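Asks: Next come the chains, spelled out residue by residue.
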Amino acid sequence: QQPVQSPQAVILREGEDAVINCSSSKALYSVHWYRQKHGEAPVFLMILLKGGEQKGHEKISASFNEKKQQSSLYLTASQLSYSGTYFCGEGGTSYGKLTFGQGTILTVHP
Amino acid sequence: SQTIHQWPATLVQPVGSPLSLECTVEGTSNPNLYWYRQAAGRGLQLLFYSVGIGQISSEVPQNLSASRPQDRQFILSSKKLLLSDSGFYLCAWNRGNTDTQYFGPGTRLTVL
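As they're listed, the protein sequences go chains A and B. Count along the first sequence starting at 1, add 109, and that's the number in my numbering. Count along the second sequence starting at 1, add 336, and that's the number in my numbering.
It is worth saying that the hints were derived from the structure and are not from the lab. Predicted model, so just to flag it, every value in this text is computed and none were measured. Don't take every hint at face value.
Stretch-level coverage of chain B by chain A, calculated; a stretch enters the list once three of its residues show a Cβ under 8 Å from a Cβ in chain A [as the list claims (entries may be wrong)]: (1) 381-387; (2) 420-432; (3) 436-443.
Between beta-carbon pairs, the in silico distance windows are [unchecked claim]: (4) A/His218 <-> B/Ser356: 40 to 46 Å; (5) A/Gln117 <-> B/Gln398: 22 to 28 Å; (6) B/Asn366 <-> A/Phe153: 19 to 25 Å.
Sample of chain A residues with no beta-carbon within 12 Å of chain B, all distances over it, derived [as the list claims (entries may be wrong)]: (7) Pro116; (8) Glu125; (9) Asn130; (10) Ser132; (11) Ser134; (12) Gly160; (13) Gly165; (14) Lys168; (15) Glu175; (16) Tyr183; (17) Gln188; (18) His218.
Beta carbons are placed, not taken as given, at the ideal position from N, Cα and C, and that holds for glycine.
Input sequences plus hints: build the corresponding full structure.
Replies: As structure tokens, this is what we get:
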């Protein structure tokens with residue numbers, strides 16, 4: 110069963126903020142966030158392993174709630190380069206496999 | 337540093353023809369390897385994974401097969417392509433159970 114992402118799509122103007130959520134009905138072992146630009150391979154953003162963990166990467170950060178059933182990706186002061194599809198992946202089940210959410214399409218306009 | 341390669345980058349094949357896509361990883365040993373398919377505008381579907389030479393696990397029943405003849409080589413094959421096999425095929429690798437996966441550049445396959 111794959112994690113559920115919300116929203117499915119979001120449209121922003123440059124400088125606006127966005128939050129993308131990734132939820133599961135059971136505790137996630139780990140959460141991996143990726144961004145995929147059109148026609149390209151997904152690129153790793155960050156991994157969260159512990160309940161309550163927060164991690165940042167420039168203006169993009171993420172959190173993992175205490176129960177490890179929800180992770181959120183925060184994009185602050187969005188730039189045109191942030192456009193793409195964001196995927197969360199549930200990891201650690203076995204053999205390093207990831208089960209991906211359905212993706213969130215983020216579009217940033219000038 | 338590690339690098340993952342896939343070829344060809346694009347491929348157009350007629351229905352019923354065979355398929356062979358190749359993925360190789362450099363700069364690491366004994367990686368876990370994965371094949372994904374992504375239909376247009378859709379998510380990432382895991383097709384196969386391998387934790388060692390000759391060890392292949394299939395995630396979904398389909399018209400495809402995978403092989404790992406060498407430690408850092410992963411091959412995706414089909415004897416007869418179907419229209420539904422069209423998509424973006426991605427190979428990925430990682431080192432272990434909690435390690436993140438890194439994707440190759442992908443192969444875009446169109447079956448006509």
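Asks: Identify every previously stated hint that the structure contradicts and give their numbers, smallest first.
Replies: none
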